[in-house]
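Let's have the full structure, built from the sequences with the hints guiding it.
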Amino acid sequence: MTGARTGFDKVVASAAEAVADIPDGASLAVGGFGLCGNPIALIEALLAQGTSGLSVVSNNCGVDDWGLGVLLNAQRIRKMTSSYVGENKEFERQFLSGELELELTPQGTLAEKLRAGGAGIAAFFTRTGVGTQVAEGGLPRKYDGAGGVAIASPPKEVRTFGPDDAEYVLEESISTDFALVHALRGDRHGNLVFNKSARNFSPLAAMAGRVCIAQVEELVEPGEIDPDTVHLPGVYVHRVVEVGTDIEKRIERRTVTEPAAAASSGTPGTKGA
Numbered sequence: 009m010t011g012a013r014t015g016f017d018k019v020v021a022s023a024a025e026a027v028a029d030i031p032d033g034a035s036l037a038v039g040g041f042g043l044c045g046n047p048i049a050l051i052e053a054l055l056a057q058g059t060s061g062l063s064v065v066s067n068n069c070g071v072d073d074w075g076l077g078v079l080l081n082a083q084r085i086r087k088m089t090s091s092y093v094g095e096n097k098e099f100e101r102q103f104l105s106g107e108l109e110l111e112l113t114p115q116g117t118l119a120e121k122l123r124a125g126g127a128g129i130a131a132f133f134t135r136t137g138v139g140t141q142v143a144e145g146g147l148p149r150k151y152d153g154a155g156g157v158a159i160a161s162p163p164k165e166v167r168t169f170g171p172d173d174a175e176y177v178l179e180e181s182i183s184t185d186f187a188l189v190h191a192l193r194g195d196r197h198g199n200l201v202f203n204k205s206a207r208n209f210s211p212l213a214a215m216a217g218r219v220c221i222a223q224v225e226e227l228v229e230p231g232e233i234d235p236d237t238v239h240l241p242g243v244y245v246h247r248v249v250e251v252g253t254d255i256e257k258r259i260e261r262r263t264v265t266e267p268a269a270a271a272s273s274g275t276p277g278t279k280g281a
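To convert, take the position in the sequence shown, counting from 1, and add 8; that gives my numbering.
Since the hints were derived computationally from the structure, they do not count as laboratory data.
Predicted, not measured: the structure shown is a model, and the values here were computed from it.
Treat each hint with caution, since some may be false.
Beta-carbon label-pair distances, calculated as ranges [stated by the list, open to error]: (1) P230 to G170: 39 to 47 Å; (2) Y92 to E165: 20 to 28 Å; (3) A56 to Q115: 24 to 32 Å; (4) F169 to E100: 34 to 42 Å; (5) T168 to T265: 44 to 52 Å; (6) A127 to G155: 38 to 46 Å; (7) D234 to E256: 55 to 63 Å; (8) A56 to P171: 54 to 62 Å; (9) K97 to I259: 17 to 25 Å; (10) G61 to P171: 46 to 54 Å; (11) G155 to E260: 25 to 33 Å; (12) D172 to G58: 48 to 56 Å; (13) D254 to E229: 16 to 24 Å.
Okay, derived cross-link-like pairs now, DSS-like style, lysine-lysine, Cα gap no bigger than 27 Å in a straight line [to be verified]: (14) K164 to K150; (15) K164 to K257; (16) K164 to K87; (17) K164 to K97.
Ideal placement from N, C-alpha and C gives every residue a C-beta, glycine not left out.
In structure tokens, the structure reads:
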């Protein structure tokens, strides 16, 4: 399989078929927020086919044994562009040892860089990062393995705008070779509906990929999704694979309020993630 699928029916038979033409060294935008909405079937298919040297853009890199963490553990990722990396010990080890390059990006800026890439906007100015190393440069991107910095972030253009001459930093948009996302529901034309916080980054990642591959829990026929409930129109999606509603979903950190503590505070016990 090469390039995007043609025609309106974008369904492929398996995750393996969907990712078969992703080559070594490809750039990927991957949806998900924490462990919500991770396209794990597509990630595991990439792992199985041995693709390596990947440059991945995603809000985070999963955990050690799940999500993008499975590719990281197999040392298939060359570079990560992320806003949060604090839940993955292997990520820390690879970064500090010089095995992994990291472009740490403020979360809102990362979201807008992906959206702008999908909208054909080359760059934009934002106040986020002004007066910090985000704008001034010097953030470590890659270590040399001996405690020194091998690659540091470059300085970015800063300009003033508006009646108060506020400073803004120039951020370039992001577009990637492929995008991988997980959706709650999708139709054969690629229209997608995401579930709750899985929507935070998934539509933006999908827009940024030149070829977007979506795994969906439920595949329906065109017209079965109310147009007013579509979160991402099918024009951005090139391949759809159904993975079923019983696909594994992880909770990143489960917290439980003890009944005694709840009683002493006068509130009922609660459980959440």
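Evaluation of the provided hints:
Checked against the hint of 39 to 47 Å, the pair P230 and G170 passes, with Cβ atoms roughly 46 Å apart. Checked against the given bound of 20 to 28 Å, the beta carbons of Y92 and E165, roughly 26 Å apart, stay inside it. Checking the proposed 24 to 32 Å range against A56 and Q115 shows it holds: the Cβ atoms sit about 31 Å from each other. For F169 and E100, the Cβ-Cβ distance of about 38 Å falls inside the hinted range of 34 to 42 Å, so the restraint holds.
Hint check: T168 to T265, Cβ distance near 49 Å, so the stated range 44 to 52 Å holds. The hint said 38 to 46 Å for the Cβ distance between A127 and G155, and at roughly 41 Å that hint holds. Checked against the given bound of 55 to 63 Å, the beta carbons of D234 and E256, roughly 29 Å apart, lie outside it. With their beta carbons about 57 Å apart, A56 and P171 fall inside the hinted range of 54 to 62 Å.
At roughly 18 Å, the beta-carbon separation of K97 and I259 lies within the given 17 to 25 Å, and the hint holds. Take G61 and P171: their Cβ atoms lie about 48 Å apart, and the range 46 to 54 Å holds. A C-beta distance of roughly 30 Å is found between G155 and E260, which places it inside the suggested range of 25 to 33 Å. One distance hint, 48 to 56 Å for the beta-carbon pair D172 and G58, holds here, with the actual separation near 54 Å.
One distance hint, 16 to 24 Å for the beta-carbon pair D254 and E229, holds here, with the actual separation near 21 Å. Simply put, K164 and K150 have alpha-carbon atoms about 18 Å apart, close enough for the 27 Å limit, and the pair holds. This hinted pair does not check out: K164 and K257 have alpha carbons roughly 39 Å apart, beyond 27 Å. Between K164 and K87 the CA atoms are separated by roughly 20 Å; this keeps the pair inside 27 Å, and the hint holds.
A hinted pair counts as satisfied when its Cα atoms are at most 27 Å apart, and K164 with K97 does not qualify at roughly 30 Å.
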